[in-house]
Structures are given as structure tokens and as C-alpha cells.
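Could you build the full structure based on these sequences and the hints that come with them?
In the order they appear, the protein sequences are chains A, S, R and C.
Mapping the first sequence onto the numbering used here, position 110 (from 1) lands on 110, and the numbers just tick up by one.
Mapping the second sequence onto the numbering used here, position 3 (from 1) lands on 198, and the numbers just tick up by one.
Mapping the third sequence onto the numbering used here, position 123 (from 1) lands on 513, and the numbers just tick up by one.
Mapping the fourth sequence onto the numbering used here, position 122 (from 1) lands on 707, and the numbers just tick up by one.
Hints listed in this document are in silico derivations from the structure and should not be mistaken for laboratory results.
Check before you lean on any hint, since a few could be wrong.
[As the list claims (entries may be wrong)] According to the in silico footprint, chain R covers these stretches of chain C (three or more CB under 8 Å from chain R):
| # | stretch |
| --- | --- |
| 1 | 654-662 |
| 2 | 690-704 |
| 3 | 739-745 |
[As the list claims (entries may be wrong)] Simulated coverage check for chain A against chain C, where a stretch passes if three residues somewhere in it have a Cβ under 8 Å from a Cβ of chain C:
| # | stretch |
| --- | --- |
| 4 | 2-15 |
| 5 | 27-36 |
| 6 | 51-57 |
| 7 | 130-144 |
Positions of the beta carbon are idealized from the N, C-alpha and C atoms, including for glycine.
Each chain, written out:
Protein chains: 4
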Amino acid sequence: MAKLYFRYGAMGSSKTANALMVHYNYIERGQSAVLIKPDGEDRDGLDIIRSRIGLSEKAYSLSWLKKCLPHINKEDIWDCIIVDECQFLSPDDIDFLSDIVDDYDCPVICYGLRTDFQGNLFDASARLMALADVIEEVPTVCWCGKKAQFNARVKDGKIVRTGSQIEYGGNESYTALCRRHFKKGIVSNPNENKI
Amino acid sequence: MAKLYFRYGAMGSSKTANALMVHYNYIERGQSAVLIKPDGEDRDGLDIIRSRIGLSEKAYSLSWLKKCLPHINKEDIWDCIIVDECQFLSPDDIDFLSDIVDDYDCPVICYGLRTDFQGNLFDASARLMALADVIEEVPTVCWCGKKAQFNARVKDGKIVRTGSQIEYGGNESYTALCRRHFKKGIVSNPNENKI
Amino acid sequence: MAKLYFRYGAMGSSKTANALMVHYNYIERGQSAVLIKPDGEDRDGLDIIRSRIGLSEKAYSLSWLKKCLPHINKEDIWDCIIVDECQFLSPDDIDFLSDIVDDYDCPVICYGLRTDFQGNLFDASARLMALADVIEEVPTVCWCGKKAQFNARVKDGKIVRTGSQIEYGGNESYTALCRRHFKKGIVSNPNENKI
Amino acid sequence: MAKLYFRYGAMGSSKTANALMVHYNYIERGQSAVLIKPDGEDRDGLDIIRSRIGLSEKAYSLSWLKKCLPHINKEDIWDCIIVDECQFLSPDDIDFLSDIVDDYDCPVICYGLRTDFQGNLFDASARLMALADVIEEVPTVCWCGKKAQFNARVKDGKIVRTGSQIEYGGNESYTALCRRHFKKGIVSNPNENKI
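Here it is as C-alpha cells:
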């Protein structure tokens, strides 16, 4: 009866803070929950999940979960598994998580981006879109006030349309845009004075 | 401000009946709406959409929409475009529909399957999962009573795992299953007497 | 594990057609479902539910359900109970339906209006808003194209603000409006020629 | 086009943390937002909203909003108004907030409980259920793992069914329960050792 959730949102939509809150709620109620992140995802350290708003919590890698799962009895599994930055997993990882839901009756909640800077689904996000029981949006807003759903890669104030899906160490940044402004490549309010 | 909707559901979830109802509601209120289906989708005839429950309505092909759109002024466009069986479109077709939403401010509601008989996203459905403003499920139930989300191809009472995505003229049928029973390949209640 | 659903929508949102489709889907899959309507709701006859789009089905009154329920074993109950026009029930009736969900593990899906012609919750709708596991909107549109959520009582082309909640045999009609136009009392497009 | 949101959840569902995150997201993007709380709601001080997870932010009372609104031009209004503990407002306050949405085109997001310790809608929550464009649940879990939707008042480990809707200075506490356990009055796992 447990469910696989995909809670997707553009950058800056507080997906990580949401993940931490869900974890906090389980713990506060005396239930168990574990925070999982992709292997090697070390933006804030390999064993921590940190949200811009100022929350952080101990996290474990997906490899760790794979290694310890065979040693866990069905009745001893956590009350919830919460995965952050799930777009960086592989489609097979998503199938693995889906099997946990079905075989262990343990809810798995995945937070992540749906599309990359070119507006294409991440592979893991596509797999989640195929398998998830519940698909929910974590909303955020474009500079225009409309719902943002795309993640523009921005360099020197201009949208970047080419490059590799994951950019390491570049001086690009990302900004969440609505579909109209993503298509047109307008990354900020043109009527606003920039100092 | 108009939105692109993807209303996905497994086979037998009344997607077509829903499409026809939305069309009916627009017409009944004195607004305009058009029903679109993929080119060559002739299950019930090329220019008709028919639901198992006994409803049907005149429909047009996507090619027709592409041809006539350049001759339509922005202010004269329909109040709503409703697309059935959208899983049979191409990803480019979905981009075309998304441009109608953004350029003409006309809502487009797409009804279709999310995954094929192997549990993989249809290409058009993947594109909709990337672009849609609103992703909603049209629910239906597995034989076990749980929500069905997969479309098993069935031959001689057994699930079929291989073959081409779209099967023409075969003697296979499809049945909607929950994820657990799709994975296990149990297509009907094993405790039920078959006569 | 079964759930109590409240699917609310303004007039003309095809709630009844949705109820009939859900019923049809259960029957088509070889499962059982029953259509329930308020006692004395005889718009289309006491034992029938009819949708404007042209669908109809045999229905039973809530009194009938109350009478026969004590004679039904938990394992023999329907796979789903579908209630139309639920706004005309009493709050106690909703508690009764909620007990069926919890005691018989049988899903109950209630379709109905949320507010009356003055914009106030119907008593039964308020009780459903308090108790339902799932609250979902059946959307429809105002003449302006925005989502309609209020049911204006209209007489001689003008909105009526006073009177009893349920009007019998009057020559008023109802029209679904968005909140802005309901507040302002604009029941149709002022720029449209009326012949 | 702006919308009135009612995001309801049981106690301990992180409604306040969600409110603070939405506020944070607006500010981070260079947009404006204001946090509003009921007059006299001084659990954490009259001018602060604090979440159990460790976040807090400056807040203003609804009276303050009513006083300053007439001095704000339509184009200068915030990009979003966020209201916490909205169940303690009056129905008229909700109408006031709904008018801001419609007259100023400013989104208003209300967080609050839907029902009191007896399972009845708060008056303000009922008004929001009637008026809101979007009704969304902030989920939390019962001790049994199912979704919690009721707020049981608990004294000496037992559920309390009578008393005033808002209890000041009592030694009661509240715990979120699913509908079944709320009905039965089972406020914690009976199989768990209490030390």
C-alpha cells in the first residue's frame, strides 16, 4: 500500500527544505526516516543535506542504502525513505526505489528537478514520471510572477542553450523561469534597473 | 496565462469520455472547443472520437490543426483545444501544442497513456511530462482494487513483455494493472473462477 | 485503507457524468459499484441518475442504502459506492458514509456542489470538507474563460442574492461563475450580442 | 488572475515551516512578500512566526494589514501575502482576504487547521473551503502510518471530546490522528512500551 512519490520543482522551489521538513515530522512523531542523496553529490558535503533557508541534516548515499538493505528485515525498515536531488540518480536506481516501495511496503519520497537547462527530462525524472504513484509539483515563481517550471543556465546575464547536462565548476548560474520566458530566453525583468 | 494540461491514465480510465465531456461543457456554455486526434488514428474512424460508455463526437487530425492554424487570428482561436490519444503524437507535436498555449493564450488539454506495455513512457508523454503546466491523473483500478497505472499486453491470459510499442492487428489485448501486479505479471484475480 | 472522496464542482461541471463514468469503469472491470442519490431527488426520476451529455443509470436512494447495509457482510460490500448530488444530504448522512469507509473498508466517492447560490457551503458539503480524505475539484469555466466556482441564481438575466437555499418550481436558472463575476453579479458577457 | 489558496493540515504538518519557506523564496528572488498572523496570536510573540524545525520570521497582524491596505496602490502591493494560523480568523476576515486577491490581483496563501479537536471545521476554515481557488493538503502521518487529518485534544493520555474550541493555559496537548483512530480515540500505539 506504500507509495512512490515524485515531488518535482524548478530550482529554488525549496525541494530540499521540504525533504528536511518531512524527515523532521517523522522523527518528531517517534517514527523513523532516512535521508538519501545521490553518490558523490557533495555540494554541501557527502553526508549532509543542506537547504538555503538554513536547515541541514545527516544524509546517506544511495550506495549505502543498496548495501544495507539486504540486511534489513521487512518489518524493521524505516517508516519513510526520503531522497533529495533524485534527478542525479540513474533510471535503474529509480526501479530499485520502486521495488523498495512494493516489496517492503515502505513509502519513498523523491525530490528533484524534472528538466535540465535545455528543458529535457532528466533520465531519472523520466523514470519517476513513468513509475510514481503520486506526481506532485513543488511550486516556485518566475520573475514575472507566473509559475516557474524551467531551469535556465545563465552566463553573463544571458541564457545558455548548449553544453553538457551537468556542468561542474563553471561560472554559470541557474534561474527558474516560466515556460514563456524560458522559450524566449528572458532571464530577468527587462524593466528593472540593474545597478 | 493559458495552460498545457497532461491528463494521463491507464487503459480503461475513461480518458476519452473525459475529453468528450470537457468538449461538451465548452459547447454547452456557448464557447468554442475542438477535438483533435493523431493522424491515422482510425480505431473508430478518422474523424470521430468514441468512448466505450457510448459517447462520440466529430474530431479533427493534428495535421488539419497544423494546416489551419496559420489562418486563424489570435483572437479567433477556440476557447479550448482537446487532444485525445496524445501518446501517439511525436515530441515535436507536443512542442507545437505548447506553442499554441503560449502564443495564442489558448488552453490545450491532452489525454493519453503515460506508459506503453513495457512500462516505458511514450515519447510524446515524456515530452508532456517535461512541458505541461498541469499533470493530472485520470484514475482507474486494478483487478485487486488498487490504483492501476500500467497497461499490460495480454495474450492467452499471460502478460507479454516483448514486441513493438504499437501492435497492429494482433490478437493481444490490454489490461490496466497496479505496479505490483504489472511487475509480477498477474493479469487477473487468481482466486476467481474462470468459466 | 479505503478513502472518502469529495469531488466538488460548480453547476455544469459534469459531476454526474463523472459519477456515471466511474460506475461504468468498475462494472466494465467486473467489479461492483452502486450509485446513490439523496432521497426524493427526482429531477430525473427517483431511481435514475441522468447526465446532460446523454448518459443515465439506475440509482438507489440513501435510505435504501441505510436499510440494506446491516444485511451486508463486510466482505460482500460493493467495490465502490458513488453518491451524486451529495450537497442535498444531511451532515449526519456524511458521517454515515464516512463510517462505511472506515468500518467496511469501502471507498465512497461523493459528487456535489460546494456552495449554494449565496456562496455559502451546503451543510453536507461542509461536513465533507471536514471529513474527506481527498478533496478534488471537477473544474468548469465561467463565461470569461476563468475557472467557475460559484452557482449564481439568475432571474430575468440578473443575479438573485436572496431566497431559500433550495428553490422548487421557480423560473430561476443557475449559471456557474468565477469568484470575481459572482461578487460583481455579472452573469454573462456584457459585450456579447443577445438576440 | 491571482488566486486564494487554502493549505490545510493537521497539527505537526509543518504548515508554519511551509509558510516561512514560501516567504523566503519570494524574498530570495527579489520579490516582496509579507507574513500575516491573527491578532493576538502570541504563542511565539505577537510579531513573529516561528516553526518547530527552527525557522522564524517577522510577521504582522491582520489588523495591521487592514489598516495599511487603503494606503497601498494596486501596483505597489506585495507579490504575495502569506497567512499563518488562519483558522483563528473570522469568516469576514477571509472575505477581506478574498477581496485582496480579486481587487489587487495579489495571491493570498492561507495556512491553517481545517478542523478543531471535535472534528468540526473552524469557521474561518469553512469560509476558505467555500471561497478558495485552490484547496491543498499539507500532509502528516498518524502514529499508525496513515495520513493524519484530525487534531485530538489529549489529557493524561486520553482523548478529550468536550470543551471550548480554543483552550488557553490548559495542560492538554494535541496530537494528529487519522480518521479511524480519531473516531476510536486511540491516541498512540497501544503496542508500544511507555516508560
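Going down the list of hints, with the structure as the test:
1. 654-662: That given contact is violated, which follows from only 0 residues of the stretch 654-662 of chain C lying within Cβ reach (below 8 Å) of chain R.
2. 690-704: Answer holds; 3 residues pass the 8 Å Cβ test.
3. 739-745: Violated, because only 0 residues of the stretch 739-745 of chain C bring their Cβ atoms closer than 8 Å to Cβ atoms of chain R.
4. 2-15: holds (count 3)
5. 27-36: holds (count 4)
6. 51-57: holds (count 4)
7. 130-144: This one holds; 3 residues, not fewer than the three required, reach chain C with a Cβ under 8 Å.
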